[in-house]
Amino acid sequence: MFCEEHSLQHRQEIKRQFDGICEKHAFLQQDLNNTKDNSKSSELFSEIDQFEQEMMDQIKRTTKTAKERLLQMFKEKEEIKKEFNSLTKELRLKQSQSDYDETDVDHWKEELTKLTKQLRQLLTSNDNKIDWNTNSSIDLANLIQAVPLPASSPNQEQLFTGGALLHKGHQLKLNEFYGQTSQRWHLIYKAEKNGFAAKDFHRQCDGEGPTMTIIQSQEGNYLFGAFTMVPWTSQNGYKRDPNAFLFTLTNPHNLKPTKFPIIPEQSQYAVYHTNTNFWTDSFSQSSS
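Numbering (the UniProt record's numbering), first residue to last: 1 to 288.
Derived by calculation from the structure, the hints in this document are not laboratory data.
Misleading hints may appear alongside valid ones.
Unchecked claim - Think about it this way: if two alpha-carbon atoms lie no more than 25 Å apart in a straight line, the pair counts; the simulated SDA-like pairs of lysine to any residue are:
hint, residue 1, residue 2
1, K190, G20
2, K67, M56
3, K190, L93
4, K24, E219
5, K190, F224
6, K173, T228
7, K193, I21
8, K256, Q158
9, K173, N243
10, K259, V230
11, K82, M56
12, K199, Q266
13, K82, L123
14, K117, D104
15, K77, L115
16, K259, Y178
17, K190, Q216
18, K259, G179
19, K81, M56
What the hints assert, rightly or not - Okay, the calculated beta carbon distance ranges per label pair:
hint, residue 1, residue 2, range
20, R120, Q97, 28 to 36 Å
21, A198, K24, 27 to 35 Å
22, K77, D101, 25 to 33 Å
23, Q235, F260, 20 to 28 Å
24, K82, T124, 47 to 55 Å
25, R203, A26, 23 to 31 Å
Keep in mind the model is a prediction, meaning the values are calculated, not measured.
Glycine included, each C-beta is placed from N, C-alpha and C at the ideal position.
Please build the complete structure, drawing on both the sequences and the hints.
The structure is reproduced here in structure tokens:
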């Protein structure tokens, strides 16, 4: 049972929680949309097929080399065995006839030492060790990553609160453009919520700054925008801002997220204030 005042507060708290759910839902939808149409699928399958073919070719070359080395080892062993058998016959013959002298004994010692050395070298040579490792110019670890979502931080706390256009990867990128990776921002104006008229924009944004403005195109839902250190006003005229910049996050040209800084010599024309224009989503720095 709630009194009217507490009932209103309770309803506001429920609405706040509901808005949070909607925000998380929008972030998830954004990530799903980013991976829905994978234009690289055919390319990735081609790379996998290429990898498979290269591995098969590599295996064939490796097994062929292994067989050739094994045959060569058997051949060398047979040659050693032939010499050994020949020496054996000679020893038996000389032994049966007791027909040998010191010179013969020295010769047989040398022959046995030579054959023993050859056999040990054959059995321990690296040439007879087969390297089963196969190398390929394709990085399989990178290949199976396909097209990852933009990098996200283990800390899921949003850097831009109140809006739903930016997923965590874009939030981190904008802070990278800004120069402070942990900076937090809060939504001060959203056209769908606060109104589409210029007066609505200025009512919410005048006096606010620095601000990050996010614009989403109607066709393609591409994201771009601008940053300025100068607080918004309703006075017509240019404002100097050497720190202002434009940016693109997504675009039809497959250009990666890019920052476009102001030309230093033109910084006096960086920002133009007017009481007739407005933006879509504008974020102001949070004090915390």
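Here is what the structure says about each hint:
| no. | hint | in the structure |
| --- | --- | --- |
| 1 | K190 <-> G20 | 16 Å, holds |
| 2 | K67 <-> M56 | 16 Å, holds |
| 3 | K190 <-> L93 | 109 Å, violated |
| 4 | K24 <-> E219 | 24 Å, holds |
| 5 | K190 <-> F224 | 15 Å, holds |
| 6 | K173 <-> T228 | 16 Å, holds |
| 7 | K193 <-> I21 | 17 Å, holds |
| 8 | K256 <-> Q158 | 22 Å, holds |
| 9 | K173 <-> N243 | 17 Å, holds |
| 10 | K259 <-> V230 | 18 Å, holds |
| 11 | K82 <-> M56 | 39 Å, violated |
| 12 | K199 <-> Q266 | 29 Å, violated |
| 13 | K82 <-> L123 | 17 Å, holds |
| 14 | K117 <-> D104 | 20 Å, holds |
| 15 | K77 <-> L115 | 10 Å, holds |
| 16 | K259 <-> Y178 | 9 Å, holds |
| 17 | K190 <-> Q216 | 12 Å, holds |
| 18 | K259 <-> G179 | 11 Å, holds |
| 19 | K81 <-> M56 | 37 Å, violated |
| 20 | R120 <-> Q97: 28 to 36 Å | 32 Å, holds |
| 21 | A198 <-> K24: 27 to 35 Å | 32 Å, holds |
| 22 | K77 <-> D101: 25 to 33 Å | 32 Å, holds |
| 23 | Q235 <-> F260: 20 to 28 Å | 26 Å, holds |
| 24 | K82 <-> T124: 47 to 55 Å | 21 Å, violated |
| 25 | R203 <-> A26: 23 to 31 Å | 25 Å, holds |
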